[in-house]
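Please build the complete structure, drawing on both the sequences and the hints.
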Amino acid sequence: MMPKATYADLDEDDLLDERPLPRRRKPMPWLRMAILSSLTVAGLAYLAQRDEREAEAGDPKTIAPSVLIAPAPIWKPIPASPALYGLDKSLGPATVEARQHTSGGREDTLSLGTLGEARYARISLMHGFTEPARSFFVDLARRAAEAGLSVARNTQSRMVPTKFGPVEAAAVTLAATTEQNCQAFRFADAEAGFGFHGWFCGAASVTAVDDTQLTCFIDKISFAGSDYPALKALFARAERNRLEACSPAARTASIGVKAQGRP
1 MMPKATYADL DEDDLLDERP LPRRRKPMPW LRMAILSSLT VAGLAYLAQR DEREAEAGDP
61 KTIAPSVLIA PAPIWKPIPA SPALYGLDKS LGPATVEARQ HTSGGREDTL SLGTLGEARY
121 ARISLMHGFT EPARSFFVDL ARRAAEAGLS VARNTQSRMV PTKFGPVEAA AVTLAATTEQ
181 NCQAFRFADA EAGFGFHGWF CGAASVTAVD DTQLTCFIDK ISFAGSDYPA LKALFARAER
241 NRLEACSPAA RTASIGVKAQ GRP
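The numbers in full-length UniProt numbering rise by one with no breaks, and the one at position 49 of the sequence shown is 49.
One thing to keep in mind: the hints can contain errors.
Pairs of lysine-lysine, DSS-like flavour, derived with a Cα cap of 27 Å [to be verified]:
1. LYS163 x LYS232
2. LYS220 x LYS163
3. LYS89 x LYS220
4. LYS163 x LYS89
Restraint ranges, calculated between C-beta atoms of paired labels, are given here [said to hold, decoys possible]:
5. SER222 x PRO79: 28 to 36 Å
6. GLY92 x ALA72: 30 to 38 Å
7. SER103 x ALA203: 34 to 42 Å
8. ARG240 x GLN213: 19 to 27 Å
9. PRO79 x PRO132: 47 to 55 Å
Since the hints were derived computationally from the structure, they do not count as laboratory data. Glycine included, every Cβ here is placed at the ideal spot set by N, Cα and C.
In structure tokens, the structure reads:
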């Protein structure tokens with residue numbers, strides 16, 4: 001039989017090997033679950049962001065249409081009654097329209113007949129504002145377009161005397177469904193903030209009215225209002241400057257001369 005080993009027979013290394021092994025710590029289950037949950041959430045978030053980036057790269061975002069707001073019109077119609085201006089009754093009844101500018105100014109338009117009719121006329125009178133400076137023919141073309149007309153022919157403008165002072169005028173041909181020879185005119189008193197423009201036409205088959213006829217037509221414009229003292233004073237001064245050729249006495253004398261000339 002082999003002899004049993006005693007502690008005396010064991011060396012130091014053998015004694016170390018015989019020591020009990022330390023107990024291994026068990027991992028904490030809640031920590032492991034927390035780590036796994038965090039990793040899962042992070043992974044899902046990454047996948048969601050990646051899908052969103054791919055969708056944005058593939059399909060451009062729909063841009064909402066912009067809403068355009070039209071600016072308020074600079075003119076608005078207003079009641080024309082009571083009328084501020086009038087024309088001599090000998091010219092016949094006139095239709096009147098009025099509108100107000102955003103600045104507070106006013107424009108009244110008086111019309112006699114329609115294009116093609118004898119003594120067709122249209123005149124717009126403004127006060128309380130001034131318009132941008134334009135050439136005579138640019139202004140005429142714009143105003144004719146507002147009335148549904150076009151300028152077929154025109155001549156060089158000149159100055160014609162009236163009770164308001166010199167008025168710029170030119171012989172023109174206005175056109176729509178028919179054509180008519182007319183005298184276009186305009187006047188502006190910047191200091192008084194007053195002006196007018198328009199045209200006066202003869203019969204469609206004859207030449208335009210002459211300077212005297214145009215002067216007398218403009219001299220037949222009167223002020224009928226009472227709320228504008230400055231305008232009332234302006235027309236009062238104009239009446240004192242009425243040309244002799246357009247006075248009632250001159251018209252009566254002209255009729256008498258024509259009557260004496262008859263056979």
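Hints and how they fare:
1. LYS163 x LYS232: holds (14 Å)
2. LYS220 x LYS163: Given pair LYS220, LYS163 holds - Cα atoms ~10 Å apart, limit 27 Å.
3. LYS89 x LYS220: Holds, because 9 Å separates the two Cα atoms, which is no more than 27 Å.
4. LYS163 x LYS89: holds (18 Å)
5. SER222 x PRO79: 28 to 36 Å: Violated, since SER222 and PRO79 (Cβ atoms, about 20 Å apart) do not stay within the stated range.
6. GLY92 x ALA72: 30 to 38 Å: holds (37 Å)
7. SER103 x ALA203: 34 to 42 Å: holds (39 Å)
8. ARG240 x GLN213: 19 to 27 Å: About 22 Å separates the Cβ atoms of ARG240 and GLN213, which means 19 to 27 Å holds.
9. PRO79 x PRO132: 47 to 55 Å: violated (27 Å)
Hints 5 and 9, counting from the list given before, are not met by this structure.
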